[in-house]
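Taking the UniProt record's numbering, the leading residue of the sequence shown gets 1, the next gets one more, and so forth.
The set of hints was computed from the structure by calculation and includes no laboratory data. A portion of the hints provided could be inaccurate.
Unchecked claim - Quick list of simulated restraints, FRET-style, between CB atoms:
hint, residue 1, residue 2, range
1, D48, K154, 42 to 52 Å
2, A168, R74, 37 to 47 Å
3, K62, Q113, 12 to 22 Å
4, Q113, R26, 20 to 30 Å
Claimed, not checked - List of simulated lysine-lysine pairs, DSS-like, C-alpha gap at most 27 Å:
hint, residue 1, residue 2
5, K143, K154
6, K154, K175
7, K46, K62
8, K62, K115
9, K62, K35
10, K20, K71
11, K143, K90
12, K175, K151
13, K20, K38
14, K154, K115
15, K46, K35
16, K71, K115
17, K151, K20
18, K71, K54
19, K38, K71
20, K90, K35
21, K38, K90
22, K35, K71
23, K50, K71
24, K62, K90
25, K50, K115
26, K154, K35
27, K143, K115
28, K115, K151
29, K151, K90
30, K90, K154
31, K115, K90
32, K54, K35
33, K38, K62
34, K115, K46
35, K90, K54
Using N, Cα and C, we set each Cβ at its ideal position, and we do this for glycine too.
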Amino acid sequence: MSNDTSNASTNQSKAEDRIKPTDIPREIRATVAEKLGKEADVYPAKSDSKNGYKGPVIHADKDFIVQAIGKGHRSAIVHLRNDVEFQGPKLQSRDQNNDLVNRNIQVHYRDGQAKAYPWNPERAAENQAQTQRKTVDPVEAAKEYAQTAFKTAKQRDAFVAHVQGVQALAADMAKAPTAPVQEGAKTARSIPVPAKGQDKAHAPSLER
């Protein structure tokens, strides 16, 4: 067995469910169905989570904290309350005052223990959008655009080649030093040229 396969198996064994899916109470499942819909999935939290669980709390009692996650909040994660340590005085106060429901939190597990932090989805989306704008590749964006904008492969290739050419030209222009303008050239350009028909009218007459 390769090291990669061995590591993957080890990681999977570490990331075990904190409780068995069959141990999730029916009342919890009913609450999820009521708030998220009958088709919503219900999962137990895992002992290690790479990206954490982000979303609003939809249920909290003395034993469980249930959190809606995913796009459209179509899934729910069930946390054991004793696993979760709330971080920061504001979130701790909400927990003590039973004011967690409808509050957005992010929960990160490590070795079976979880830490919960406040989470702002609007700010997170804004930060993600800014990161994507900074890392966008014009050529890759052109390829993606060409897939829907042009019917033939020849047209798509020509468009992408054009964008690549523009990118290369822009890079060359950025590297090229700007040539200084000579003083004589400035003076020559500053001398006005008389309009047609005015050169004779304004020319000084010669003495006979």
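Hints, verified against the model:
Restraint check, D48 to K154: a C-beta distance of roughly 50 Å satisfies the suggested window 42 to 52 Å. The hinted window of 37 to 47 Å between A168 and R74 holds, with their beta carbons roughly 45 Å apart. For the hinted restraint 12 to 22 Å between K62 and Q113, the CB-CB distance of approximately 19 Å keeps it satisfied. Remark: the range hint 20 to 30 Å for Q113 to R26 is upheld by a beta-carbon distance near 27 Å.
For the suggested pair K143 and K154, the alpha carbons sit about 12 Å apart, so the restraint of at most 27 Å is met. A distance of roughly 32 Å separates the Cα atoms of K154 and K175; the hinted pair therefore is violated under the 27 Å criterion. Distance restraint check for K46 and K62: the Cα-Cα separation of roughly 20 Å lies within the 27 Å cut-off, and the hinted pair is therefore satisfied. Between K62 and K115 the CA atoms are separated by roughly 17 Å; this keeps the pair inside 27 Å, and the hint holds.
The straight-line distance between the Cα atoms of K62 and K35 is roughly 20 Å, inside the 27 Å bound, and the hint therefore holds. Of the pairs offered as hints, the one joining K20 and K71 holds, with about 24 Å between alpha carbons and a cut-off of 27 Å not exceeded. Distance restraint check for K143 and K90: the Cα-Cα separation of roughly 47 Å exceeds the 27 Å cut-off, and the hinted pair is therefore not satisfied. For the hint pairing K175 with K151, the CA-to-CA distance comes to about 36 Å; that exceeds 27 Å, so the pair is violated.
For the given pair, K20 sits about 21 Å from K38 by alpha-carbon distance, which is consistent with the 27 Å threshold. Among the hinted pairs, K154 with K115 is inconsistent with the structure: their alpha-carbon atoms are about 54 Å apart, more than 27 Å. Proposed proximity of K46 and K35 is supported: the alpha carbons are some 23 Å apart, at most 27 Å. Taken as a hint, the K71 and K115 pair is honoured in the structure, with Cα atoms around 22 Å apart against an allowance of 27 Å.
The straight-line distance between the Cα atoms of K151 and K20 is roughly 52 Å, outside the 27 Å bound, and the hint therefore fails. In summary, the hint linking K71 to K54 is supported, as the alpha carbons are separated by about 11 Å, within the 27 Å threshold. Among the hinted pairs, K38 with K71 is consistent with the structure: their alpha-carbon atoms are about 16 Å apart, no more than 27 Å. At most 27 Å may separate the alpha-carbon atoms for a hinted pair to count; K90 and K35 meet this at roughly 25 Å.
Under the criterion of a C-alpha separation no larger than 27 Å, the hint pairing K38 with K90 is inconsistent with the structure, at around 33 Å. The hinted pair formed by K35 and K71 meets the criterion: a straight-line CA distance of about 15 Å does not exceed 27 Å. Taking the CA atoms of K50 and K71, the gap is about 18 Å. The hint holds against a cut of 27 Å. With a C-alpha separation of about 19 Å, the suggested pairing of K62 with K90 holds against the 27 Å cut-off.
Distance hint between K50 and K115 is fulfilled; the C-alpha atoms sit about 13 Å from each other, no more than 27 Å. Of the supplied pair hints, the one linking K154 and K35 is violated, its CA atoms being roughly 51 Å apart against a limit of 27 Å. For the hint linking K143 to K115, the alpha-carbon distance of about 42 Å lies beyond 27 Å, and the restraint is violated. Of the pairs offered as hints, the one joining K115 and K151 is violated, with about 51 Å between alpha carbons and a cut-off of 27 Å exceeded.
Restraint check for K151 and K90: not satisfied, since their Cα atoms lie roughly 56 Å apart, outside the 27 Å limit. Straight-line distance between C-alpha atoms of K90 and K154 comes to about 59 Å, which puts the hinted pair past the 27 Å bound. Taking the CA atoms of K115 and K90, the gap is about 14 Å. The hint holds against a cut of 27 Å. Proximity of K54 to K35 is assessed by CA-CA distance (about 17 Å); at most 27 Å being required, the pair is judged to hold.
For the suggested pair K38 and K62, the alpha carbons sit about 24 Å apart, so the restraint of at most 27 Å is met. As the CA atoms of K115 and K46 are separated by approximately 13 Å, the hinted pair is consistent with the 27 Å bound. For the proposed pair K90 and K54, the alpha carbon gap of about 18 Å is at most 27 Å, so the pair holds.
Checked against the numbered hints given earlier, this structure breaks hints 6, 11, 12, 14, 17, 21, 26, 27, 28, 29, 30; the rest are met.
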